[in-house]
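> Residues per chain, in single letters:
2 protein chains.
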Amino acid sequence: MAPRPAAVPAPAREYALVESCLAEYKALTMSAMMEAIPRQEPRRYLYDLVPLYPLRPGTGFRPGLLLASCGAFGGTAASAIHSAVAIELFHNAFLVHDDVEDGSLSRRGFPTLSAEQGLALAVNVGDAMNVLSIEPLMRNLRVLGPQLTWQVFVEIQHMVRQSVEGQAMELGWVRDNVVDLTDADYLRMTLKKTCWYTCIHPCRIGALIGSRGAIDLDRFNRFGYYMGAAFQIQDDILNLMADERKYGKEIDGDIWEGKRTLMLIHVYGSATPAERERVERFLARPRGERRERDVRWVHALMDKYGSLPHATARAHELAVAALDEFEEAYRDAPDTREKRFIEEIVLYMVERDL
Amino acid sequence: MAPRPAAVPAPAREYALVESCLAEYKALTMSAMMEAIPRQEPRRYLYDLVPLYPLRPGTGFRPGLLLASCGAFGGTAASAIHSAVAIELFHNAFLVHDDVEDGSLSRRGFPTLSAEQGLALAVNVGDAMNVLSIEPLMRNLRVLGPQLTWQVFVEIQHMVRQSVEGQAMELGWVRDNVVDLTDADYLRMTLKKTCWYTCIHPCRIGALIGSRGAIDLDRFNRFGYYMGAAFQIQDDILNLMADERKYGKEIDGDIWEGKRTLMLIHVYGSATPAERERVERFLARPRGERRERDVRWVHALMDKYGSLPHATARAHELAVAALDEFEEAYRDAPDTREKRFIEEIVLYMVERDL
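Residue numbers (our numbering), protein chains in the order written: chain A, 1 to 354; chain B, 1001 to 1354.
Please keep in mind that the hints were generated in silico from the structure rather than gathered at the bench. Every residue gets a Cβ at the ideal spot worked out from N, C-alpha and C, and that includes glycine. Don't take every hint at face value.
Not the full set, but computed from the structure, chain A residues with beta-carbon under 7 Å of chain B [what the hints assert, rightly or not]:
1. Pro42
2. Asp127
3. Val143
4. Gln167
When you get a sec, could you build the whole thing from the sequences and use the hints?
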């Protein structure tokens, strides 16, 4: 599919509102999260390790979106903070296990938890973070009452189910070296692996709390799907541009790991039979046996076929679609700073370089 | 510490009641669990893998104890079945991750999930099983009402926290090659890693549901602690006798993995300085570099110092202590089949050979 330049907005937009809101939401979330992490034994094998990922640089999209969506529907930050902490802890637990599963070496500019602490402790720390993310949801009871607390639980349960299902698809494709994938396969996997927990449920849960259960939540599904898919594609693109970035994962990490990104699907679909065969041979090797020159060759092949511009164009199309849906999703929210933040974060997600 | 033969009951007791109750409870739990496991995509990378461990041979102590404790206080199996399923699913999730963390090769007579499906999918399947174990607890709402449903949640949350804390201790000791451990350290770790989720909370949750919240649950803590510790010691002993067993893990698996069992602590405390140094050198190697002749040598050293009889004696002492506590814990439960099952399972746990 050819890029559609019409959908690509002008570069170098200003995101002062987005960035200042993100910073505020992140500060709120982190301070509440640090209170929620036990300071007790076992320390060096468990609770000292739990804050390591959360304390690394990160934008805090998910709690930010949740808190803003709550505010947009008239709720206070205090009413949504426990849910924001839960989602951020869950996200970090997911990252810890994701790094184990992918055999990744660095995360947010530092060694992964498994590289630093060993695989066994890392798996267990991820488990502990999943357990700890339930506790703020239980604390909701006093702030939100039983009905809303229960509804947030139901949202979170759906969110986590979707995430493990999406993760299973992605890991299975890599393990079995599935190569005949389409953009639609990628988007289906991304909806499950990323969109629900990164965008859809943060919007839904925020609105649920903000409106005290008064609005239908399914209106956020398409908005969050388009935004989340745009976010994930941009994430994959940034992974291939890692040398230009201050923080991040290893350069070309996704190629090393054989991740089925939109770019890999595109390059495989565009390549000659001989190139395609070489891509397949490369992907058939276990990660530890892949060679740097092959990784560079795959990257160069993506450059040759324009896989990155292709993916960028798709991300922008999705962002534009999300902006259309935004009107519908937040139609009865008054014009507030929170609402503008949500609108502006859509393009920020595909234009960010971090 | 010398064995105390007085505490050792006569061997070859009959456990017809225990075994028939266990079989009944297990059948109930398995049929409810199979209904709770989604039959949907992704199948081969996720939901087909979830029942693999639960379907392997296993006694079902935990759901059995929970259902019996509920029955002993007048509750029906239907009122406790969702909680029994949750605990059994949680247990199996724990086993999946435990096998990844320990680098184990076989479980219940078959390859571990990570050996069979690869590490990445295994970690994710364990995560999915943890997620799925929440769903029966949500189904409690219709059967138990909001108050009891919430109390069961609180119990489960404590249970899972304790388990990851105990697991962290055990994994940390192995990773850092901590050798100066005492029986008390072992028992503290075992309380967290095993006793809460294997005995204490099954008894508590069963009694909570059976009595509809009418009795104080802390009365089960000592009973479950003694029983659980006895259970874990027997489990460790069986691991070293694996060649005599029909099903199980690899022979001397715990020695291969460097697990800090009561026998390892005993042999280290009994050994000469030269032997001790060789034990330490053995434990300092990464698991993959340990040699079979060294594993055999450690096992022979345990035989030389009587580490297995020592551990057997401790397990029986703990079982006898549990029987004392049983009187207190179940004092106001009428004499029923369920109550007798719980009493008889205490010695069964230390005399079982499977």
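> Would you mind marking each hint as holding or not holding in the structure?
Now for the hints, and whether the structure bears them out:
1. Satisfaction of the interface hint for A:Pro42 is found here, the shortest Cβ-Cβ separation to chain B being roughly 5 Å, below the 7 Å cut-off.
2. Given the 7 Å rule on beta carbons, the hint for A:Asp127 holds: about 5 Å separates it from the nearest Cβ of chain B.
3. The beta carbon of A:Val143 comes no nearer than 15 Å to any beta carbon in chain B, farther than 7 Å, and the hint placing it at the interface is violated.
4. Contact between A:Gln167 and chain B, as hinted, is supported at the beta carbon level, the nearest pair being about 5 Å apart and thus within 7 Å.
In the structure shown, a violation is registered for the earlier hint numbered 3 alone.
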